[in-house]
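Given these sequences and hints, build the entire structure.
Protein chains: 2
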Amino acid sequence: MGKRNLYLSNTPVDEALSLYMAALQGKIVPGSEIIPVTEALDRITKSAVYAKYCSPLYNAAAMDGIMVIASHTNGASEKKPVELQPDQDYKIVDTGDPIIPPYDAVIMAEDLIESSDGKLRVLASSSPWEHVRPIGEDIVAGEMILPSNHLIRPIDIGVLLSAGILQLEVIKKPRVAIFPTGTEIIEPTEIPKKGDIIESNSRMFENMVTVKGGAAFRFPPIADNYAKIKEKVAAAAKEYDLVIINAGSSAGTEDFTVHVLRELGAVIIHGVAIKPGKPVILALVNDKPVIGLPGYPVSAYIGFQNFVLPVLRLYLDQKASEQETGIEAVISKRIVSSLKYKEYIHVKVGSVGDKIVAAPLARGAGAAMSLVRADGFCVIGQNSEGVEAGEKVRVELYRSLEEIRNTLVIIGSHDLIIDVIADMMPNHYKNMYVSSTHVGSMGGLMALKRGEAHLAPIHLLDEKTGAYNTAYVQQMFGDQVAIIRGVGRVQGFIVKKGNPLDIHTIKDIRKSRYVNRQRGAGTRILFDFMLKQAHMDAAEINGYTNEMTTHMAVAALVQSESADAGLGIQSAAKAMGLDFVPVGLEEYDFAVPKKYLKLDRVKAFLHILKSEAFKEKLTALGGYTSDHLGEIITF
Amino acid sequence: MGKRNLYLSNTPVDEALSLYMAALQGKIVPGSEIIPVTEALDRITKSAVYAKYCSPLYNAAAMDGIMVIASHTNGASEKKPVELQPDQDYKIVDTGDPIIPPYDAVIMAEDLIESSDGKLRVLASSSPWEHVRPIGEDIVAGEMILPSNHLIRPIDIGVLLSAGILQLEVIKKPRVAIFPTGTEIIEPTEIPKKGDIIESNSRMFENMVTVKGGAAFRFPPIADNYAKIKEKVAAAAKEYDLVIINAGSSAGTEDFTVHVLRELGAVIIHGVAIKPGKPVILALVNDKPVIGLPGYPVSAYIGFQNFVLPVLRLYLDQKASEQETGIEAVISKRIVSSLKYKEYIHVKVGSVGDKIVAAPLARGAGAAMSLVRADGFCVIGQNSEGVEAGEKVRVELYRSLEEIRNTLVIIGSHDLIIDVIADMMPNHYKNMYVSSTHVGSMGGLMALKRGEAHLAPIHLLDEKTGAYNTAYVQQMFGDQVAIIRGVGRVQGFIVKKGNPLDIHTIKDIRKSRYVNRQRGAGTRILFDFMLKQAHMDAAEINGYTNEMTTHMAVAALVQSESADAGLGIQSAAKAMGLDFVPVGLEEYDFAVPKKYLKLDRVKAFLHILKSEAFKEKLTALGGYTSDHLGEIITF
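Sequences listed follow chains A and B, in order. For the first sequence, counting from 1, position 398 maps to 398 in the working numbering; every step adds exactly one. For the second sequence, counting from 1, position 549 maps to 549 in the working numbering; every step adds exactly one.
Since the hints were made in silico from the structure, they are not lab data. Check each hint, because a few of them may be wrong.
Stated by the list, open to error - EDC-like mimics (lysine to aspartate or glutamate), calculated; alpha carbons at most 16 angstroms apart, straight line: (1) B:Lys-340 to B:Glu-15; (2) A:Lys-52 to B:Glu-190; (3) A:Lys-228 to A:Glu-263; (4) B:Lys-340 to B:Glu-402; (5) B:Lys-319 to A:Glu-190; (6) B:Lys-212 to A:Asp-42; (7) A:Lys-212 to B:Glu-190; (8) B:Lys-319 to A:Asp-479; (9) A:Lys-430 to B:Asp-317; (10) B:Lys-507 to B:Glu-540; (11) A:Lys-319 to B:Glu-403; (12) B:Lys-52 to A:Glu-190; (13) A:Lys-610 to A:Glu-631; (14) A:Lys-594 to A:Asp-479; (15) B:Lys-430 to A:Asp-317; (16) A:Lys-319 to B:Glu-402.
Structure (C-alpha cells):
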C-alpha cells in the first residue's frame, strides 16, 4: 500500500485555532513602514497622526466680497448707508483669500451696493471676525487627525495633505508565499491531459490575501518531491511572513507536506474536525506560520477562511468581529451532518413571500461552483446531527440582502435557457436577479408547495394522457398555481459522434453503458415511461443507477466515453459536440403561484421570455420550439 | 468689483441630476476589454463566461484507496472477505487520480485489510461509480460560470481557471482626468506661505475614483488663467472619459471654469440647491461629461458623491441602490436648515442606553475634519426647515453598527488627553472605541441629562465654594451620576513667545487682543469668574466675543498673531510653541451616570486612565497632575 499516514487528527476547529495561536504567541509582530500619504489608501495607521499645519493656514475670507475694518462700518443702516473707500476701508477678496490686519471682517458681495461712480456702500454694520474662517478652524496644528489602527479612506488622504502630512507610518502588509504542489498539477496555460489537474487554488489564495490586506507571492507548482518541497519551504520560511502550501496536506501516498514540516519545524495540528477541509496542517518553521491546505477547492477556501485569515489579522493588528452577524433563514432541505465535524453548507438564499429561504448547494469538497453560486453559507456545529427542512438557520451572506430581495427564485428542472434568462435579467432590468437551483421537476413543485420558490420549471409527462405539466400542477395545487408556457424541447438520446453503437430506440440502449437522470427529473420520468411502454425493466439497463443531475452532466459523461448514451436535450448534445437521436418533443413550462404573477420580478421574467432577443438566443441554441412562449394557463 | 458671475442657479439636486443624465443620454457607452483572469479581481464581467473544460476533467478518485472493478467485489462480506489481485482487480489511487476502464469504483483505504503477505481483502461489495467523481461533476464544459455584470471575486478567479478560461471580457475602467485649479493652490510638498492653499481635494478624488472602479489621472495644479484652463480641458475632453475641474466653479472674480466650459461646450447646470456644495458645474465638452466641483473640501466631497458617482456608474453599467439604507437615530441637537437647500449634516453616532444618538458635527463647507470624524451623515430635505433635538433622523453610516455599539461616547469639555485615550482604547481593548464631541462642560452635562453620552468631561468651578465639579453634578443629578476623577490641569494665559505684552494678571488682558472660549466651556466660566473677582466688565475685553471651541484653536490664533492672549491649558501652549502664564490649577474630571459604570467600555476607559502608559503620556504632555486619576466619587 506504500507509505501512508492514515491518521489525521480530528481536532475541533476552535481548539485547533487556539492551540495554533498559542504556538504563534509572541512570534508575530505587526511590522510598520513609512509610505507617502498619496499611496496610503486602504492601509492601516501604525501610530496616531498629528497635524503639522493648521487649516486654514491663516484667517481667511469665508465668502466672496470685501474685507473691511469692522469698526469702519459702525452705524451703517438701510437709511444711513456707510460709504467705503478702496484700499483704505476695504479690499476685494475671494473665498479663501487671507484677511490681513488691520482688516478683520468680510462683507459678502451680495450685501454691497455699487454706485455708478464705482463707490461701495454697506447697509449694515459688520462685527469683527464675521465671515472670516479663523486659522485652525478646521484643523489645529498638533491635533490628532487619525488614531492608530485606522483604515485609511480617500477623505483621510485629503485631510492629511491639508495638515501638511506627506508621509505616515502604516502597518506593513504581511508577505505571504503560496506554493502549489503536486505532480499531477499543471498551470492553467497548459493543455490538460488525462490525470492532470489545472492549478487554480493558488490564484484564489493570492486574491484572497490581496483582499484582506496582505502581499501575495505565488510560486510555480512544485512536483511531489520531498527534497524540492523541503528546499522551497525552508527558504520561504526565512523570507516571508506566512507560507501556504497547497495540497499534499492529507495522508495519501504522495502527501509529503506534513513530513517536510515535521523535519523543518513543528507541526501543531494535522487534521481538523471541519467539513469540507479536514486535512489542514498548522505548523511553525523558523518561527513563521506555515499552513498546509487541502487540494479540493471548497476545502481550500474554508481552510483559508478558518486558519489563514486569523494569522493575517495578527500581522495586521486586527481582531475578528465577535458580533453575531448574518440573517435568519428557513432551510429548504434536510441537512444531515456528522457529529464528527463542524460543517459548512453553502446555500442559495431567496426572499419568497414573507420567508427568507436558504437552499443547500452541492456539498462536495470539489464543488467549486457551489462557492461561485452561493449567496452565503451556514454552519452546522460539531455537536449537531443536522437540521430539518423548515428549521431556522443563521446564514452569513455573500450578497446584500437588497440583491436577495430583488431575486427571482427558480427551483426545478434545469435547462440552458434558465442560465440565459439569468444572464439577461440584470442587464434588462437593473437590480433584478435570478437564482436557480436544479432539483428536477417534482422537486420544483415541492419547493412551490413549501413556499420556497417563485417559479418551478417543469416538464412532467402525465402517463395517462400523454400531456405535459397541467395534470400535475392542477392535482397538486388546484387553482392556486398557474403555468407560464415555456419552450417545446426535443428530447432524445445523447450518443457519441457518429452514433457508433447505432442507437435508435430504447431497445438499443441495452447494448450501451447508460447514464441516467436523478429520480424526480422530468427526463427520468420520460425514460421510465419509455421503458414501461417497451415492456422493459430497469435491471436491463447497464448504468440505470448512474444518476446525474443535469443534461450537461449527462452529455459530459458521454463525451468523455464514460458512458455511451443518456436521455437529454439537443442543446446539451450540441454544446458537447455529440450526436443526438430525437425521441420526442416535450413541454418545458414554468409553474407559478398566481399571487406571484404580480411581482415585478415575475413580470420582468415574462417580458424577457417574450422578447425577440430571447427568441434569437433560442434559435442559436437549437432544439427548441417557441410557439407558446409566455402564454399563461390558469385553472 | 471686477468680473463676477453672481448668479448661480439653485436647481434642486434631483432635477439637476436628471437634466444632466438626459444630456448624457446615448453619449456614455460602457467600454470593454479582454484581460487575463489572473488580473480580474474586482473587475465586472462584460459578457457571460462559459466553461471551456469540465471539472473534474475526467472520472477521478474521490478518496485515497484503490480503484476496482465493482463486479469483482460482488458478494464480499465480513464473514466472507474477497481477496483482490494487484493490477488485475485493483490499482492504488490517491484522491484526484483518474479512474481508467475497466476500473469503475474506488474503495477507501480505511475499508481495506492488508494481510501480512501484502494481499488486500475487502469486507463489502462495491457498486459502480462509488467514490468516483464523475467528469463534469462540478463544472460542465459549455456551462455558464459567471453571468455578465458580475463583480469578480477570488473564488471566481479560481473557478474560471479550473474551467480553462485564461482571459475574459470585462467592463473598461472609465478614465477620469482630475485638474486642480487656482493661483493660490500649492502642491503639498511645497512650504506654504500666507495666502497659499495646500491642494488636497484632487488626491481625495483620485482615491474616490479608484475605490469606485475607475482609473484616475491627476494633473498638477493650473493657475487661474483662462487660456491655460481652456487648453487643458479641451485636450482632456478628447482623451478621457470624464473630466473633473476642482474649484473655480463658483462666481468669484477668478472663477473662470464656467466661462471656459461655455466656450468649449455646453453648461447644463451651474449651481445646485445643496449645502455644502452649491457651486457645482455640470457640463459637456466634446460629448464628454465635465464636472466642476467647489473648492471647500466638504463641498467637493458631497459634489463628487452626488454628481461624479452617477456618471461613473453609467460607465460601469451599474445602477445605484434604490433601497432605503441607513439606521434610525435620535438627533442630539436642533438643526436649522434652509428651505433653499438639501443639506448634508455629518454626525457622530453613539449607542447610549437603548438609544442610537446622532450628534451633528461642524457644518461648514471647509470642515474637512468633520468628514474624517463622521460616523455617518443625515440629509435634511430641501423642503424641511430642520429637525428638533430628540427627533428621529435616518443616518447613512460610514462605520459598522458593531463598531458604534462598542464605542464609548464622550461629550463635554475638550482636552488633549481625550485624544490620547481615544487612541489607546482600540489598541489596548480590541474592538472598543472612543467618540468625543466637544461642546464644553455644561454641554456635556446636558448631553448626560438627555441620555446621549456615557461620559462628560467637565471642569466647572463653583463660584461660591471655589471647588470643582461636585456641586454642579450633585445639583443636576442628585445621586444618579458619579464622578471619575481625572487630571489636575494648569490653566493660564496663552501668550506669544517671550510674552511681549507682559501679561501676568487678568488686568493686563485689557491691553491685548483677547480670544475667548464659547459659553458653557469651563475655561469661559473660569475667565468670567476671574473678571468678576477683579471687578472687571466683559466690555473692557477686546475680543471677548471672539469665541473658539477648543484650547488648541485658542493657541492657534495666538500663534498666528491674530490674537495676543487667551485663557487655556499648558499643553496647548506647549504644542504650539507659545508661552504660558499660569493662573491656577483646575480639576478636569468625568461625570458618569452610575448605571454606566458597569459597561465594559467604561471599565476599559478606567483601566486606561489608571495605567502607567497613560501617566507616561501625561508627563510627556506637561501641565497635568495625576494624584487622583480614576478615583470614583459617588453622592
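Each hint tested on the structure:
no., hint, verdict
1, B:Lys-340 to B:Glu-15, "14 angstroms, holds"
2, A:Lys-52 to B:Glu-190, "13 angstroms, holds"
3, A:Lys-228 to A:Glu-263, "13 angstroms, holds"
4, B:Lys-340 to B:Glu-402, "36 angstroms, violated"
5, B:Lys-319 to A:Glu-190, "39 angstroms, violated"
6, B:Lys-212 to A:Asp-42, "13 angstroms, holds"
7, A:Lys-212 to B:Glu-190, "35 angstroms, violated"
8, B:Lys-319 to A:Asp-479, "38 angstroms, violated"
9, A:Lys-430 to B:Asp-317, "9 angstroms, holds"
10, B:Lys-507 to B:Glu-540, "10 angstroms, holds"
11, A:Lys-319 to B:Glu-403, "12 angstroms, holds"
12, B:Lys-52 to A:Glu-190, "13 angstroms, holds"
13, A:Lys-610 to A:Glu-631, "9 angstroms, holds"
14, A:Lys-594 to A:Asp-479, "8 angstroms, holds"
15, B:Lys-430 to A:Asp-317, "9 angstroms, holds"
16, A:Lys-319 to B:Glu-402, "13 angstroms, holds"
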